[in-house]
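With the hints as your guide, set chain F onto chain C.
There are 2 protein chains.
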Amino acid sequence: MAIAVVPPKKRDAQTKIAKRWVFLFDEIDTVQEMVEGSWDKVRSLLGGKGAGLGDMTRAKVPVPPGFTVTTEACNAYLAAKGKFPENMWEQVLESLKEVEKKAGKSFGDVKNPLLVSVRSGAKFSMPGMMDTVLNLGLNDAIAEGMVKLTGDERFVYDAYRRLVQMFGSVVMGIDDEPFEDYLTEVKRERGVKSDVELKAEDWKKVTREFEKIFRKETGEDFPQDPYRQLELAVEAVFKSWNGKRAVDYRNAANIPHNLGTAVNVQTMVFGNMGDQSGTGVAFTRNPATGQKKLFGDFLMNAQGEDVVAGIRTPVPIAELERENAEIYAQFVDIANKLERHYRNMQDVEFTIERGKLWMLQTRDGKRTARSAVRIAVDMEQEKLISKQEAVQRVTPQHVIQLLHPQFDDVAKQEAKKMGRMVATGVNASPGAAVGVAAFDADLAEKWGKAKRSVIMVRPETKPDDVHGMLASRGILTSRGGATSHAAVVARQFGVPCVCGAEALEIDIRKRQLTVGGVVIHEGDTISIDGSTGEVFIGEIERIEPEFAHETYLRTLLAWADEFRELGIYANADYPVDARRAREYGAQGVGLCRTEHMFFQEERLPIVQAMILSEPGSEEEAVHLEKLRHFQHDDFYGIFKAMDGYPVIIRLLDPPLHEFMPDHEQLAMRAAGLRLMGDRPNELTRVEELMTAVEGLREFNPMLGLRGVRLGIVRPAISAMQVSALFEAACQLKREGVDVHPEIMVAVTSSASEVKFMRELIEKVANEIMEQFGCKVEYKVGTMIELPRAALIADQMAQYSEFFSFGTNDLTQTTFGISRDDAEGKFLLHYVEHGFLPENPFQVIDEDGVGALIEVAVQKGRKARPNLEVGICGEHGGDPKSIHFCQKAGLNYVSCSPFRVPVARLAAAHAALEGKRS
Amino acid sequence: MAIAVVPPKKRDAQTKIAKRWVFLFDEIDTVQEMVEGSWDKVRSLLGGKGAGLGDMTRAKVPVPPGFTVTTEACNAYLAAKGKFPENMWEQVLESLKEVEKKAGKSFGDVKNPLLVSVRSGAKFSMPGMMDTVLNLGLNDAIAEGMVKLTGDERFVYDAYRRLVQMFGSVVMGIDDEPFEDYLTEVKRERGVKSDVELKAEDWKKVTREFEKIFRKETGEDFPQDPYRQLELAVEAVFKSWNGKRAVDYRNAANIPHNLGTAVNVQTMVFGNMGDQSGTGVAFTRNPATGQKKLFGDFLMNAQGEDVVAGIRTPVPIAELERENAEIYAQFVDIANKLERHYRNMQDVEFTIERGKLWMLQTRDGKRTARSAVRIAVDMEQEKLISKQEAVQRVTPQHVIQLLHPQFDDVAKQEAKKMGRMVATGVNASPGAAVGVAAFDADLAEKWGKAKRSVIMVRPETKPDDVHGMLASRGILTSRGGATSHAAVVARQFGVPCVCGAEALEIDIRKRQLTVGGVVIHEGDTISIDGSTGEVFIGEIERIEPEFAHETYLRTLLAWADEFRELGIYANADYPVDARRAREYGAQGVGLCRTEHMFFQEERLPIVQAMILSEPGSEEEAVHLEKLRHFQHDDFYGIFKAMDGYPVIIRLLDPPLHEFMPDHEQLAMRAAGLRLMGDRPNELTRVEELMTAVEGLREFNPMLGLRGVRLGIVRPAISAMQVSALFEAACQLKREGVDVHPEIMVAVTSSASEVKFMRELIEKVANEIMEQFGCKVEYKVGTMIELPRAALIADQMAQYSEFFSFGTNDLTQTTFGISRDDAEGKFLLHYVEHGFLPENPFQVIDEDGVGALIEVAVQKGRKARPNLEVGICGEHGGDPKSIHFCQKAGLNYVSCSPFRVPVARLAAAHAALEGKRS
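Chains C and F, in that order, are what the protein sequence lines are.
Position one of the first sequence corresponds to residue 1 (the numbering used here), numbered consecutively onward.
Position one of the second sequence corresponds to residue 918 (the numbering used here), numbered consecutively onward.
In isolation and in its complexed conformation, chain C is listed as follows (with noise of 0.2 Å):
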């Protein structure tokens, strides 16, 4: 090898000629050496694909020979604007002169001619997402070199056709449009359906009318030099890293835009020399369900592109056992080598050249969510992996797609009665999505934002689509399989998918589909099943997914459960939704909302009334006693249901306008009745509640009379609910259940609001334990929901055994914005824009909320050293939030029943990752 390998302690010393911008996938080694044995600083400077390649090749894999041009090259072409750094392309060329050797052949040799693959490869793999060229090095005379070399003319100018359109298409900009619709005219002409049935001629063909479609596009002929080529395709691999699509796609994915790429060339081998030759992709373990056994697909006599693109439908890869035993054979021992190697399930590309197997490219899979905890559940259990690990190789984005709801089985078995089942393709990506038919990805995108339900419909997706398909609840396509670009894009981001369901015909340009006669508009709704890939006509219901049978899922979180610090609670206002907040692990009631008892039918009548009457009156009492029985029986049952668990009591809340009829329907309403005449004594009721609403009514209801301000204007009724509750516990505890109360305050911002309940509290719960001869433990808490509150955390707990953190008023009082009006109406358009990092109400915005969070535990515990702290806003379900809550130094969080599965794994990857404030 010509470049002189500088040991990397010295190298920072020496002149910049000696800085090393390309490697041979054999200098792995050295590689590492420099690097410090860093495996991710590896994976940084040659990328993914780069690393695996080198690591395979360490690993006596059988890989072409080829190098890799470093992230940094890339980083210092585009901070240079455009220019590779000094000594690279010589680099390059030195590098370039090693393959040659390796592969017997040289590069731009009209009698044995080298072709090289160019491919992008970042750090993290971004599939489809950055550019690729085949058969670089190919010329006019190399071609027909070629053909005598070879003696397959049909092979060659197969490869040359592809070359001359990929190279225009990536390297040039030129659309793919005119190359397919020449081609298709071609195979229209020649009466074949498939590239395969093309020959020679007609490749030579469509290579000629290529090179012209590529003159009239770029105003210059293709670029017979093939060293040119190499510096162009390279130079386009470095750029693309700032196209639009990558850029979306790292948003998307949360990748940094500063890590850059790095580019392989690698010797090319070809699937489509005949029929000893074929092409893959494979899985480990299935993508889709986790289940050990290999999975993926083949086609031969075809080059890899074909397989990914979904333009021919592949063959599953269990039938190239008897396609060649052998091949077979050797391809599963690779396979099973690699997965050991990487302690983890690999997504493979393979080639078979006039049969010898090639391997191109190793990754960690992409996998579903189900895969993803099962593989991990298998990993652990095979030795493979640590519980830790496994832990962490679930991210909450799974569970929550694990949980993701389902369709009713015997609505589907119905709607397949009435003919509604149009089609099945691919179960791709599994979920049950049901939305309004888009045909293309910025209509998806457009609806989706506009919080419409959206499935997007294409024949097949492009990378250009993601933005589409990120913005929709599913994804069909009528090509390609599991490994389609559609499925693999699907599967990541947890969007229900199904792809090839062959029987759609769909026009894009009439924005409509037919399937068996029936024709399904632009707008219309269907019903897709990712996880049997059956498409339905209309919407099908759907149901909660069943966790008890979830069991990869239960182990999984039993592990979490082992490492997380935080306390997981859920939010529940009634006895089923506490039961089914301890079937999904929760350890206690955070927050339990009264007033969502007092909306019910046959208790509103009485709630209104009991507002109309004057506070302290007897009327007022004999309302209230009505209400306490109905209290009575909803804290009987949520104690029940949590025997041995806190319940978070937290006393009524909303303004009493809530639960009063509309202001405007009654004044319209009256007018009504006045204009008719006839019926005085209604009138006179309507004039007279619009009376009452109107003094109930509020400027900005959120900040008025409500919460503990209710209670202390209003203590009649704080004593009923206080009442009821003391009295359920009282008699559960007879019954030998074991209950523990914590009646919380809300909207509290003075310490004396704390104290005048605390006081009341505890009056009514002393009388009705006396009454029952019994004592219950209990505590009497606050939220903490307004800044202020945050503020005086310390005078809060003088009174206070707990807090609760109401996040979501917090922010919304923290940021001055009310969610209900802003996220319409400037909120999203915010986060788009960047002006705000993320929606606050999904994720705690730590700088703001956080700190008033971080002051309030800290003044908070300083007053009361036993203080208990928790979370009840809907970030308690949030990942994120959650790490964040660690920090803070929360004790739980609370979140709605169905997140509790995400936030005991959250909680776990927290203090696994996290140190306690």
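No lab work stands behind these hints, which were simulated from the structure alone.
Zero decoy hints are in this set.
With a Cα cut of at most 30 Å, we get these calculated DSBU-like pairs of lysine-lysine: (1) C:K880 x F:K1672; (2) F:K1776 x F:K1672; (3) F:K1543 x F:K1696; (4) C:K859 x F:K1797; (5) C:K862 x F:K1776; (6) F:K1028 x F:K1116; (7) C:K97 x C:K148; (8) C:K859 x F:K1776; (9) F:K1363 x C:K755; (10) F:K1368 x F:K1742; (11) F:K1804 x C:K859; (12) F:K1797 x F:K958; (13) F:K1368 x F:K1333; (14) F:K936 x F:K977; (15) F:K1779 x C:K862; (16) F:K1333 x F:K1427; (17) F:K1779 x C:K859; (18) C:K862 x F:K1804.
As the structure is a prediction and not an experimental result, all values here were calculated from the model.
Frame of chain C; chain F shown alone:
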């Protein structure tokens, strides 16, 4: 003297017996030594009155001999739940012996009896609040002895009946009514009008009857033992410290409750020993105007209580010269001496006993705002006090009172012509008041709390009435002069008062007053002018005072400006406000709200059309261009008025729906049109408008699409405002006006918002300045009115050259309280019941809102050391809040133009008293 005087230093080491509870007036030097010279501590120990009597005695002023029982004794008595501290009574008796020696009379001696007065005296003067007993030491036998000694039976029994009544009411708690009723009856029997006309036998009879009443009401005889009288009287004074009216007064005047009161026992001198005797009260300067001239009243042959209680209408002090020139000269001399001694205007009480002048009390005189200002300025010019003292002697409350609205002279003349002026009384406390007549204190208080303007109308007022007086806008009495209870209290609290309007026949039972045949019922509106004493039926229009004519105040405020460190800006939306602000001494406009300009009649339709047009459309541009011309004129006017001073212009703040018609009204109108069915076009228009308004509607508009959010979603509006602003500025610059625009962004919660607006402002500003070919220096800054903005102030300061705390909204969001909704519904309840110490919308809440301000100042200055920081909420004009602003290190406060003088003074006080943080 029998009591061993223990040197102060050794005192603490002595036994309890040595504790001194009682001091003779002439022991003042001893007391002052004991407390190491501190006059404040002397006053704490002896009370203001006791200290003053001692001080006068020391200054050789003729003071009847006596002694003071200390406040410590009172506190010890109250702490021991009604037991005199050990040795106190013995010290009283010993001191009494010393007084007997000085007076040449003996307590309880039938032949030559010493009578004493027993008076309370707390550290801070509380007129009428504490109880007094005169003529103590009389009994049946001593009365007869005195008759023999003086030969004046009338005088003796007049004194005796007073003792029985006072002792009965003050010590034993008997209602005054039976005494007063009997006295009225006797006068009617005798056919006389005033007490003076009653003869010796009448008083004897009255005395006997009073003793019967005493027995009937208490079940005991009037105590004949003078020592028992003294003991009970001292106890009564002690107890009265915790009486309801004393506690109320202290609450109102912010006097601590733990000071206790001293008791002064003093030799009686008699103003009612015939025509050579008399009594009076006087101020060394006019307490209403501040004029340097003795001011007061006296009555010959009367006791002190007759003057103050307003039962007989007294004679001006100047007339004493005619009555007795020698005494008058002596009195003038003493008054001058006292004023020089105390370096303040004095309020003195005197008695002439058979031609000998005795001074009974001196204290700093209560005064009106006008008087306070003039006296402070005059005394500085007389070199009696320093400028700083002058500034500190005037309170912000004084300035507020002085700049109270006054009646419009033209309106008054009109009213007089129409016969609406019904009476004239004493101009006891200046100011113009309009309100409904309330005939008792409880009703006045009730109505006052319900936000009705009340004039409390009484024949005369008593200490029990203070709660009603404080809740009233004005006080009107038919009896009593400028030193009556009503007058003194009204002046102290700045309530306009007309007293002694004798033409009024007030019938408390019928709850009406009759004057000149007109009957005014309770609840009728009346107007009183406390500066002229005029009383009107109905409402007289008020106008703002002419600051330009307030020469003394202007002088004082100019001195205040020398001391203060805070800049004083004004909130001004129009040129007229800006001009007034300058006149009042503002050094800039701290807040110019541009939205008020949008509401003007001719603009509103354009504003509405602009709102309804598509953002970014041609149509929007057309409407905005129209508005730009209006705005240009607004800004031109304000900048011109503030030539040389900064003007902070806030870009559009309120949500757009505030400019639109009400949805419910539109709905009703649409319903009406639908029923009529004859104006389909109008119906369509209304329905379209409804849809538009519906789209803009918000649940919590305070937290909605407003301020910077509007600027981001509809940047064309902001661009229009900035363009108009810079056009006006450039034009004025050409005209030689010195403009300093500062552009302020509102409702910000993220730095990105400020950055966006800053860029927009800079872009537009550069365009306009280029167009005009001129350069205007300007600043861009942000309101800090949301908790998050304060918490991330370091980030905000990156893009802000100034912060302006919008404490109204900051208080609303920090507390989560909507002011509009809260004040009526629960906030008053909160303040009244002690849930909050004060209304946080009036006085800055230091714990919560203040904490955020401090964080923001600190973080903001850290990020930008020369950051300009001010406040522009309503708190900017509140004295307490200004003290906070000084402490927090703000650069300026901005308040309404009318509040500017108050703010100038408060800022000077804050600088003199406080330390900068």
